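Novice: Residue strings, one per chain:
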Amino acid sequence: MKASLFCTARYMGAAPHDIWPLSGEYYSGDAAVRSMQTTFDQFRCADEFGFDWVTVAEHHYSGFSLTPNPMVMAGALSQLVRRAKIAVLGPTLPILNPVRVAEEFAMLDTMSGGRLVAGMMRGTPNEYVTYNINPSESRERFAEALHLIRRAWTETRPFGWLGRYYQYRTISIWPRPVQQPHPPLYMSGSSPEAGEFAAKNRIGIGFAFTTVPLAKSAVKHYRACARDAGWEPAADDVIYRAMFHVADTDDEAFADMSTLPPRISLVDQNKAIAEGVRQSGYYGADAAAQQQRTLRRELADRIELGQVIVGGPDTVLAQVRHIRDELGAGVLDLVVGAQLGERTLHSIELFGTKVLPCMREL
Amino acid sequence: MTEGIFAQRWAGEDRHLPYCEAGSGETIVAIVGDGGRPTRAHALLGERRRVIVFAANNGSPREAARRVGAAVMVLGIERFDLMGEGAGAAAAMWLALAPEVDIGSVVLAAPASVLGGLPDDAFREMQRPVLVLSGTKDQSDAGDRWRALLPDCHFMFVYDAGPAIGAERPEALAFIAREFFERRDLFLVSRENGMVFP
Chain A
82 MKASLFCTAR YMGAAPHDIW PLSGEYYSGD AAVRSMQTTF DQFRCADEFG
132 FDWVTVAEHH YSGFSLTPNP MVMAGALSQL VRRAKIAVLG PTLPILNPVR
182 VAEEFAMLDT MSGGRLVAGM MRGTPNEYVT YNINPSESRE RFAEALHLIR
232 RAWTETRPFG WLGRYYQYRT ISIWPRPVQQ PHPPLYMSGS SPEAGEFAAK
282 NRIGIGFAFT TVPLAKSAVK HYRACARDAG WEPAADDVIY RAMFHVADTD
332 DEAFADMSTL PPRISLVDQN KAIAEGVRQS GYYGADAAAQ QQRTLRRELA
382 DRIELGQVIV GGPDTVLAQV RHIRDELGAG VLDLVVGAQL GERTLHSIEL
432 FGTKVLPCMR EL
Chain D
51 MTEGIFAQRW AGEDRHLPYC EAGSGETIVA IVGDGGRPTR AHALLGERRR
101 VIVFAANNGS PREAARRVGA AVMVLGIERF DLMGEGAGAA AAMWLALAPE
151 VDIGSVVLAA PASVLGGLPD DAFREMQRPV LVLSGTKDQS DAGDRWRALL
201 PDCHFMFVYD AGPAIGAERP EALAFIAREF FERRDLFLVS RENGMVFP
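Note that the protein sequences, when read in sequence, are chains A and D. All residue numbers for the first sequence refer to the working numbering, where the first residue is 82 and numbers rise by one. All residue numbers for the second sequence refer to the working numbering, where the first residue is 51 and numbers rise by one.
The hints are simulated quantities; they were obtained by calculation from the structure and are not laboratory data. It is possible that part of the hints are untrue.
No farther apart than 25 Å at their CA atoms in a straight line, the calculated lysine to aspartate or glutamate pairs in the DMTMM-like style are these [as the list claims (entries may be wrong)]:
id	chain 1	residue 1	chain 2	residue 2
1	D	K187	A	E313
2	A	K281	A	E442
3	A	K435	A	E356
4	A	K281	D	D210
5	D	K187	A	E274
6	D	K187	A	D309
7	D	K187	A	E407
8	A	K352	A	D99
9	A	K281	D	E218
10	A	K297	A	E277
11	A	K297	A	E442
12	D	K187	A	E218
Predicted, not measured: the structure shown is a model, and the values here were computed from it.
Work out the full structure, taking the sequences as your base and the hints as a guide.
Specialist: This is how it looks when you write it as structure tokens:
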């Protein structure tokens, strides 16, 4: 089993964590620079201590993440992180220019010497407000953009595109991906529609901020759809994301995590947006299950459900083993749980030196 | 609805060649596969142009091109743009190669696989602007083969369409055909208005 470190580049200045969009009145340039440097330190640490991947993602208008364009962060990481793969999980595809996404991913694959992992995400629903895109179009836009990006990567002669949502008279990207035919692809597998689409198109799936029981059901559906499509996903085709914090002892780790504020999903930070998104039909067939993912929960419940991995190395390894046994996931995407300076770096080191070697055997 | 827009007529030698016609203005001649009928794409083109649809009946594409060319002359059409669709594409290309006809530009929509000994070299010398459209759901390699035959052509994928682009994505086909016929190679540069509010 592989491990990835996901830093959202959380803003470290004083600002509310439950408002979207967050006003720029709270912003301090010094705090933002410090946040970026901290993020770089954590990624370097993960690379040093054996993490297989480092992960970045796209979020807008929030202190939760200072990477509205994760490609920019990934470009920096391609030079800072010398060994680990660079996983962009990912751009919010339906709100972006897909040719630009294809170009930027190809640049990253080239800059990193073929270490790119390309996530194609529908994103958190609030992001549709960011660039004024109707969330009811998200699935169709996603599907078309993904097909277009694959063509842009693999067609060697110029071509035009006459889509439903995108139109280009001629496309011929430079640079092109180093990995052939293209970098490994992942998308969210949380909903039944997404799992079916991923299986039909031979794409790996990832789960973010869900629960192990919900993910287990979704993985089962994905694997069944893949069998129907004539292939068998490997363990590495399933990524599970959870928050983590490791300390020398369980008591220390739990004490550190007790400082963590309850997680409120970005869309739930704005009631009007949450309701507008719900009315748009964004959530699809399993809307109720999707809303289960983002319920506010106490830390103990989040640990029980596999949303948070916390403890000393042995405890954490047991939690990792449980996730692996339940899901058959091959990649664990670990979100920095608590920004505690040196103790966070120590957490990454402990995971890399005490947990990761045992994970390899799972 | 499309059926009601088009009138069926007869032309050609001995008036034995059926065709369907709609609209007025500069002419578009479309050659569709054997037994083919006008699609909604033709109807949309007919809103601004005169559209004449011939079916490439049994026989070789070259013979079909000759018969359509003769029919067009009988109809008194001196200059036209040309569409070839499916199995009608090869006939359209033969017609486009004829020196005596005055054709502006050519759109090939989901051209069928190249059969019947088409002359590669002659196609490579095609001087008229050609746009080849291929559906992303089209499982054949016809699009690639036509692109290889016409190295100077423009090539576009039509998303979510198979071999029947005119029926599956009529608005898209009509839009891009109109653009190409009006502007030829210059269609590469968008003239769409991007302003949201003045």
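Novice: Evaluate each hint against the coordinates.
Specialist: A quick look at each hint next to the structure:
{"no.": "1", "hint": "D:K187 with A:E313", "in the structure": "holds, 24 Å"}
{"no.": "2", "hint": "A:K281 with A:E442", "in the structure": "violated, 30 Å"}
{"no.": "3", "hint": "A:K435 with A:E356", "in the structure": "violated, 44 Å"}
{"no.": "4", "hint": "A:K281 with D:D210", "in the structure": "holds, 15 Å"}
{"no.": "5", "hint": "D:K187 with A:E274", "in the structure": "holds, 20 Å"}
{"no.": "6", "hint": "D:K187 with A:D309", "in the structure": "holds, 19 Å"}
{"no.": "7", "hint": "D:K187 with A:E407", "in the structure": "violated, 37 Å"}
{"no.": "8", "hint": "A:K352 with A:D99", "in the structure": "holds, 11 Å"}
{"no.": "9", "hint": "A:K281 with D:E218", "in the structure": "holds, 22 Å"}
{"no.": "10", "hint": "A:K297 with A:E277", "in the structure": "holds, 15 Å"}
{"no.": "11", "hint": "A:K297 with A:E442", "in the structure": "holds, 21 Å"}
{"no.": "12", "hint": "D:K187 with A:E218", "in the structure": "holds, 21 Å"}
When each numbered hint is compared with the structure, violations occur for hints 2, 3, 7.
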